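Residue numbers for the sequence shown follow this note's numbering, so the first one is 4 and each next one is one higher.
None of these hints come from the bench; they were simulated from the model. Remember, predicted model here, so these are calculated numbers, not experimental data. Glycine included, C-beta positions come from ideal geometry on N, C-alpha and C. Treat the hints with care, since some could be wrong.
Said to hold, decoys possible - Computed list of lysine-lysine pairs in DSBU-like fashion (alpha-carbon distance at most 35 Å, straight line):
| no. | residue 1 | residue 2 |
| --- | --- | --- |
| 1 | K82 | K20 |
| 2 | K5 | K107 |
| 3 | K82 | K18 |
Stated by the list, open to error - Here are the in silico distance ranges between beta carbons for each label pair:
| no. | residue 1 | residue 2 | range |
| --- | --- | --- | --- |
| 4 | D149 | D106 | 39 to 49 Å |
| 5 | G139 | K82 | 16 to 26 Å |
| 6 | T60 | K18 | 19 to 29 Å |
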Amino acid sequence: MKQTLIFMFERDLKKLKTELNAYSNEAVIWQVAGNISNSTGTLVLHLVGNLNHFIGTVMGHSGYVRDRDAEFSTRGVSKKDMLDQIDSTIQVITETILMFPEDKFNATYPHAVFGEPMTYEFFMFHLVSHLNYHLGQVNYHRRLLDV
Numbered sequence: 004m005k006q007t008l009i010f011m012f013e014r015d016l017k018k019l020k021t022e023l024n025a026y027s028n029e030a031v032i033w034q035v036a037g038n039i040s041n042s043t044g045t046l047v048l049h050l051v052g053n054l055n056h057f058i059g060t061v062m063g064h065s066g067y068v069r070d071r072d073a074e075f076s077t078r079g080v081s082k083k084d085m086l087d088q089i090d091s092t093i094q095v096i097t098e099t100i101l102m103f104p105e106d107k108f109n110a111t112y113p114h115a116v117f118g119e120p121m122t123y124e125f126f127m128f129h130l131v132s133h134l135n136y137h138l139g140q141v142n143y144h145r146r147l148l149d150v
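Could you put the whole structure together from the sequences, leaning on the hints where they help?
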């Protein structure tokens with residue numbers, strides 16, 4: 004289970020880096036248009052904050068303090084800084100999952116994020132799914148606006 008989770012998070016966060024690097028115009032990373040309400044930059048900050056909080060802090064006691072409002076209101080972070088944040092997030096996820104006791108994945112996650120109890124295992128798969136959902140949005144955003 005641990006190696007599968009590490010593989011999936013690393014694969015998809017590296018794909019997020021590939022998407023960021025594929026922008027020909029860095030300013031477009033922060034654009035919104037029409038019914039697209041979140042820029043790629045916003046989605047990157049949200050994913051980094053989400054994963055550092057739910058995996059790094061809750062599971063690994065990293066001390067990361069999430070500012071969810073800032074994830075959606077901060078603008079203009081450089082592509083390089085976001086790429087560095089993604090790399091740091093990959094490291095936090097990998098270290099946290101490696102140190103997490105295998106038998107604890109069946110235990111109840113300490114926060115009822117969806118209003119009811121769930122296991123660590125269930126929530127880890129939700130987080131992979133959440134990452135993929137926003138990764139698809141980033142890809143669409145880039146292909147639509149970076150023309």
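Each hint tested on the structure:
1. K82 <-> K20: OK: K82 and K20 at ~9 Å, within 35 Å.
2. K5 <-> K107: Holds. K5 to K107 sits at ~11 Å (cutoff 35 Å).
3. K82 <-> K18: Cα-Cα ~14 Å, so holds.
4. D149 <-> D106: 39 to 49 Å: 46 Å Cβ-Cβ, so the 39 to 49 Å window holds.
5. G139 <-> K82: 16 to 26 Å: Because 20 Å falls inside the window, the suggested range holds.
6. T60 <-> K18: 19 to 29 Å: holds (24 Å)
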